[in-house]
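With the hints in hand, could you dock these two chains into one complex?
Each chain, letter by letter, is given below.
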Amino acid sequence: QKEVEQDPGPLSVPEGAIVSLNCTYSNSAFQYFMWYRQYSRKGPELLMYTYSSGNKEDGRFTAQVDKSSKYISLFIRDSQPSDSATYLCAMSGRGNNRLAFGKGNQVVVIP
Amino acid sequence: DAMVIQNPRYQVTQFGKPVTLSCSQTLNHNVMYWYQQKSSQAPKLLFHYYDKDFNNEADTPDNFQSRRPNTSFCFLDIRSPGLGDAAMYLCATSRDFVDRGAPGANVLTFGAGSRLTVL
Chain A
17 QKEVEQDPGP LSVPEGAIVS LNCTYSNSAF QYFMWYRQYS RKGPELLMYT YSSGNKEDGR
77 FTAQVDKSSK YISLFIRDSQ PSDSATYLCA MSGRGNNRLA FGKGNQVVVI P
Chain B
957 DAMVIQNPRY QVTQFGKPVT LSCSQTLNHN VMYWYQQKSS QAPKLLFHYY DKDFNNEADT
1017 PDNFQSRRPN TSFCFLDIRS PGLGDAAMYL CATSRDFVDR GAPGANVLTF GAGSRLTVL
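Line by line, the protein sequences are chains A and B. Under this note's numbering, think of the first position of the first sequence as 17, with each following residue one higher. Under this note's numbering, think of the first position of the second sequence as 957, with each following residue one higher.
So here's chain B without its partners, still in its complex pose (with noise of 0.2 Å):
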């Protein structure tokens, strides 16, 4: 089945110390996006891949970094974890950025999410 998957599902760190969270899809969609979600909260958008276009949200704080090597794989790095940063990170892919006259194009696919826990 053709999917998003994220690894790992749960991640323990200690403050300040440097994570990564990876992304894969067999989907063959061009955007792909990183999402933070916080209890009861909802989903808030960190960033996109268009491609290789790099799309940064504006309040999006520098501590969140993303690389994207191929059409299959994103990265999400947290270079000094803080407290407020233990949230649920969503991965998500579309075909498109926009409809473009082709429906569902826009729809968003996630995967299982990736639980951040710092202490």
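Just chain A, with the same shape it has in the complex (with noise of 0.2 Å):
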């Protein structure tokens, strides 16, 4: 089992919709969550940063983690054309830094 699973599947949305991506996870210890935006062709940037469970609101993205289920997801309301990215979760322990990402999830909002 992989430690983070994220379906890379690309999702297509009108503009205006609410996009919904998840990732879950199989370490126990993974303390910090994060969501990067990664533009075709360009390095990820940092979306959304937590630490432990709960949720984190930052204008039209949500991100929610519930460490008792290993899961964590990241909302985007009023999605708009300049959202269509992919959208990678990453996560890491107390002890060190090395990022467990996912795959990343396409995704494109139409006009």
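By construction, these hints were calculated from the structure, which means they are not laboratory data. Check the hints yourself; a few may be wrong.
Claimed, not checked - Using 20 Å as the maximum straight-line C-alpha spacing, the simulated PhoX-like pairs for lysine-lysine come out as follows:
(1) A/58 - A/72
(2) A/18 - A/86
(3) B/1000 - A/58
(4) B/994 - A/18
(5) A/119 - A/18
(6) B/1000 - A/119
(7) A/18 - A/58
(8) A/86 - A/119
(9) B/973 - A/119
(10) A/18 - A/72
(11) B/1008 - A/58
(12) A/83 - A/72
(13) A/18 - B/973
And the structure:
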């Protein structure tokens, strides 16, 4: 079983829709949870950063962490064409910064 | 703006011909990382530097080497590129390798990447 599972299947949504992305993981030692956004031919940029369980909101973006289920989610409200990108989940434990990445979800928001 | 800059953005080389990719940072971060990312795959950590201390991942091939001559610069050397080494190479930095009570110190900032093609 991979440390982090993220269904890489492309996701197409109409503009204004809610985008829902998720990752599952197997390592109970993970404490830090991140979502990175990667535009085509660019490096990943940090979108959301969460320590331990709970919800975090930043504008149209909400990150949720459920450590009991080993499940994290990213929601994008009122999606815009500029949100079209690949979204990577990443996580690490307290003792080191060896991030475990998911494969990424390609999201296309259609105007 | 403080940032992580990678050069070249695109590199084409021949099978077996050595390649060097560079990374510079103006963030004054202690830690620099090199990741390999193949199409539709998760980034894979090759190695990292904590200051001058080099840390190789166990499964990184010997073909990949790195140098960090000073805080700002880090290089990735691929001694004899094979077809399987064609990928995007991402440089990243962070203030620290762990949290140590400073929230966000372990967050990575990535460069735009160097895409390597091997003919």
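Ascending list of hint numbers which this structure does not respect:
1, 7, 9, 10, 11, 13
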